[in-house]
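Asker: This is what each chain is made of:
There are 2 protein chains.
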Amino acid sequence: RAKRLLLSQLFQPLNLQGEAAGEGKAGEPTCRSQKLMLQAGLIHPSGPGCYHYLPPTVRAMEKLIKVMDEEMRAVGGQKLNMPSLGSAELWRASGRWDHMGPELFRLADRHGKNYCLAPTHEEAVTELVASQTNLSYKQLPLRLYQITRKFRDEPKPRFGLLRSREFYMKDMYTFDASEEAARQTYDLVCDAYRSLFDRLGLPFVKVRAATGSIGGTVSHEFQLPADVGEDRLVLCPDGHFAANVETLNEGQTTCPTCGKNLTQSRGIEVGHTFYLGTKYSSVSNAVFYSPDNKPQLAEMGCYGLGVTRILAASVEVLSTEDGIRWPSLIAPYQLCFIPPKKGSKEEEGAVVLERMYDDLGEALPHLAGDSVLDDRTQMTIGKRLKDANKLGYPYVVIAGKRVCEDPPVFEVWNQNAGEVLFLTKEGVIELLSKVQVP
Amino acid sequence: RAKRLLLSQLFQPLNLQGEAAGEGKAGEPTCRSQKLMLQAGLIHPSGPGCYHYLPPTVRAMEKLIKVMDEEMRAVGGQKLNMPSLGSAELWRASGRWDHMGPELFRLADRHGKNYCLAPTHEEAVTELVASQTNLSYKQLPLRLYQITRKFRDEPKPRFGLLRSREFYMKDMYTFDASEEAARQTYDLVCDAYRSLFDRLGLPFVKVRAATGSIGGTVSHEFQLPADVGEDRLVLCPDGHFAANVETLNEGQTTCPTCGKNLTQSRGIEVGHTFYLGTKYSSVSNAVFYSPDNKPQLAEMGCYGLGVTRILAASVEVLSTEDGIRWPSLIAPYQLCFIPPKKGSKEEEGAVVLERMYDDLGEALPHLAGDSVLDDRTQMTIGKRLKDANKLGYPYVVIAGKRVCEDPPVFEVWNQNAGEVLFLTKEGVIELLSKVQVP
Numbered sequence: 001r002a003k004r005l006l007l008s009q010l011f012q013p014l015n016l017q018g019e020a021a022g023e024g025k026a027g028e029p030t031c032r033s034q035k036l037m038l039q040a041g042l043i044h045p046s047g048p049g050c051y052h053y054l055p056p057t058v059r060a061m062e063k064l065i066k067v068m069d070e071e072m073r074a075v076g077g078q079k080l081n082m083p084s085l086g087s088a089e090l091w092r093a094s095g096r097w098d099h100m101g102p103e104l105f106r107l108a109d110r111h112g113k114n115y116c117l118a119p120t121h122e123e124a125v126t127e128l129v130a131s132q133t134n135l136s137y138k139q140l141p142l143r144l145y146q147i148t149r150k151f152r153d154e155p156k157p158r159f160g161l162l163r164s165r166e167f168y169m170k171d172m173y174t175f176d177a178s179e180e181a182a183r184q185t186y187d188l189v190c191d192a193y194r195s196l197f198d199r200l201g202l203p204f205v206k207v208r209a210a211t212g213s214i215g216g217t218v219s220h221e222f223q224l225p226a227d228v229g230e231d232r233l234v235l236c237p238d239g240h241f242a243a244n245v246e247t248l249n250e251g252q253t254t255c256p257t258c259g260k261n262l263t264q265s266r267g268i269e270v271g272h273t274f275y276l277g278t279k280y281s282s283v284s285n286a287v288f289y290s291p292d293n294k295p296q297l298a299e300m301g302c303y304g305l306g307v308t309r310i311l312a313a314s315v316e317v318l319s320t321e322d323g324i325r326w327p328s329l330i331a332p333y334q335l336c337f338i339p340p341k342k343g344s345k346e347e348e349g350a351v352v353l354e355r356m357y358d359d360l361g362e363a364l365p366h367l368a369g370d371s372v373l374d375d376r377t378q379m380t381i382g383k384r385l386k387d388a389n390k391l392g393y394p395y396v397v398i399a400g401k402r403v404c405e406d407p408p409v410f411e412v413w414n415q416n417a418g419e420v421l422f423l424t425k426e427g428v429i430e431l432l433s434k435v436q437v438p
Numbered sequence: 001r002a003k004r005l006l007l008s009q010l011f012q013p014l015n016l017q018g019e020a021a022g023e024g025k026a027g028e029p030t031c032r033s034q035k036l037m038l039q040a041g042l043i044h045p046s047g048p049g050c051y052h053y054l055p056p057t058v059r060a061m062e063k064l065i066k067v068m069d070e071e072m073r074a075v076g077g078q079k080l081n082m083p084s085l086g087s088a089e090l091w092r093a094s095g096r097w098d099h100m101g102p103e104l105f106r107l108a109d110r111h112g113k114n115y116c117l118a119p120t121h122e123e124a125v126t127e128l129v130a131s132q133t134n135l136s137y138k139q140l141p142l143r144l145y146q147i148t149r150k151f152r153d154e155p156k157p158r159f160g161l162l163r164s165r166e167f168y169m170k171d172m173y174t175f176d177a178s179e180e181a182a183r184q185t186y187d188l189v190c191d192a193y194r195s196l197f198d199r200l201g202l203p204f205v206k207v208r209a210a211t212g213s214i215g216g217t218v219s220h221e222f223q224l225p226a227d228v229g230e231d232r233l234v235l236c237p238d239g240h241f242a243a244n245v246e247t248l249n250e251g252q253t254t255c256p257t258c259g260k261n262l263t264q265s266r267g268i269e270v271g272h273t274f275y276l277g278t279k280y281s282s283v284s285n286a287v288f289y290s291p292d293n294k295p296q297l298a299e300m301g302c303y304g305l306g307v308t309r310i311l312a313a314s315v316e317v318l319s320t321e322d323g324i325r326w327p328s329l330i331a332p333y334q335l336c337f338i339p340p341k342k343g344s345k346e347e348e349g350a351v352v353l354e355r356m357y358d359d360l361g362e363a364l365p366h367l368a369g370d371s372v373l374d375d376r377t378q379m380t381i382g383k384r385l386k387d388a389n390k391l392g393y394p395y396v397v398i399a400g401k402r403v404c405e406d407p408p409v410f411e412v413w414n415q416n417a418g419e420v421l422f423l424t425k426e427g428v429i430e431l432l433s434k435v436q437v438p
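Residue numbers (our numbering), protein chains in the order written: chain H, 1 to 438; chain W, 1 to 438.
Okay, chain H solo, but in the shape it has when bound (with noise of 0.2 Å):
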């Protein structure tokens, strides 16, 4: 059988002092995912806006970067992977060494040579993309993404995951043959993102957005309301209009479409997209053989998905105030098995519920790595649970009263959902053989 996973051997250390504990710095800010999230050892602070992302962390990143991967594959995403170095040359060529000001991170080499350490890459891909020198209009369009740890040296980094100095990105960079098909990658690649939230559950408004220090002509956000979001947005009540506030003429209060008043909202940008044109594309001259083998820059967009910052973003606008709540899909570990208290009545029921903990890994072979068997029997039940709610597994299947009844009933805590259900061992894998991994 497979190995078990005990929670006291797990690498998550809760209950810290002090700024760990999610208090923050004196007179400094602090969320709702980021006291969280700290309190509940996924994430330990380094430095400014630096973070270890601890164990659980992890599993919930690379659940969700596996969902990314599904849904870039699907418009037709290739994966590559790009330097952090991003020389000064080419940043200077495209305006941006300067424009980009002091968020950018700069550094020598040992030969003095000048490097960034890249925000993004829209300079780089569009260089490697010009290096084809036998692009095809066949070939198009072009379809690049990576997910990699990005850099930028904000100047009030805080809230945790949500704006920090060191985050991961899906960055997307398509390249296709005309305007109106390089249109239609955006509109697909926006579904995506739709697709994406969907799937996670996360309660998102599209809303028309500036275009900013990355350039083009047409851009929108993927937004979460939240009351700490950075982003004002304002809303149609009826769905016609959604923007941020950046984007609107000044005194604009209504609907352009209704005329209806515009409501006000906060949002946390968690995804952005650009349609380019040949911003770039003309600085490398990246260009494509088009019919009649005349080369012609390929028209670009580009298209980031904040990772980290989503994961911190679930946790801020599903969580109670002393509860995390996960998108059940991405969730470190979907399951929590609490078995009796050592030395209470029910205490022979442990061998029960950890044979449950078997048999469900057998049967459901997906779960197995997904459980974890909170072994601290010297805590009574009630305070594994309340842990257990602090930490957010979907499901927590507890070693109750019943547990020493023919056949067994165990105790099983759907907490998103926030129902608690009696249930036999079949009753117990049937249940949770719907439950999905990525």
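It should be emphasised that the hints constitute simulated quantities derived from the structure, not laboratory data.
Some hints could be false.
Any copy will do: because identical chains look the same in the list, a pair fits if it lies in one copy or spans two.
Said to hold, decoys possible - List of simulated lysine to aspartate or glutamate pairs, EDC-like, C-alpha gap at most 20 Å:
hint	residue 1	residue 2
1	K390	D198
2	K138	D375
3	K3	D69
4	K341	E405
5	K279	D292
6	K342	D191
7	K113	E154
8	K425	D358
9	K386	D69
10	K3	D191
11	K3	E70
12	K156	D359
13	K156	D109
14	K434	E321
15	K156	D69
16	K386	E321
17	K63	D359
Chain H is fixed; fit chain W onto it per the hints.
Answerer: Using the frame of chain H, we list chain W on its own:
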């Protein structure tokens, strides 16, 4: 049915010119893996010692990472992810801010605070574990690892991914309650490394090694013998002794066990293990509480595997002069299907081959995403087979002359074994059912 992977649509620029073709800058040494990987569109240079990993390389890397994850999990490894920015204070405390010299990339943030781009994480992980103030001996051994991008400002980056300035490394850090336990951990992780290289089919030697800038008292390297390797090794012909020459006493030419003359070899270092003792735990005061509740310094070890280096080293030692060979388990794609040339007399066999492609994906779903259809039917089968040989698919399925027989017979090249088989559809599926994908 699953979408077909058409070779013409894959981003893998072949036959590039100049440096990208693996010729190197004037006077720069090159090696087989560098040439082959550049020519095959697996990597593309972005600057000195920095490479884009193109889609097939990312596929191979993700497979290799899966195998590493399996091996690390099997020895109780828990995966985390530490920041790339390492603060100067932290690195000064261990003495390595100065000791590492110009190999550390260094930078200052917008507030003038100094950082390095971490090439390794002994300081960071020890600090992290030290922050868990109530660590009990019951929670040990603790075996933490990550697989992330690392940075080293090499004096002479060269040989493609064999010695680059950005690279991926799997680094594990272990914490034990006693020296004896730490040595058991050491042996266990070394066994996991053996298992990994065995599964990849890579011939390796484990040699006694110097501890260098990492420190500690015991160290071994896992080396792949290769002329281009930068390490010089000595081996006892009867296998009693193997060491990096750095560790030899002056004038030592015979095996300390059997007295036979040592033979010389060169090797590519692909793994390195260190027993660290308390070198780092004493700096960060990383303690655990013993059974009698006394704080005691943790006994540490650290263990590295070069992820991108293993990819290149595999290509280096397995390939022919003009054909890449991968360890089967991690080849970017397992299969290439070559339909007949357009206008040839076997042209009608194209449909038969495409059906073979689809049926295989249905019969063996784990290979569906691993099968490429070489749709460049304007080219002869011979030319495309030459490319397939160059790219190193473990299996190539060709619609040759006998595809028009009843039942159709396919020509199957097992490139790693160097043999050709003539098989019906059932035979092909039977043969390929043994192919593993991590």
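Asker: Please name the hints from earlier in the document that this structure breaks, with their numbers sorted from lowest to highest.
Answerer: Failing hints, ascending: 1, 5, 6, 9, 12, 14, 15, 17.
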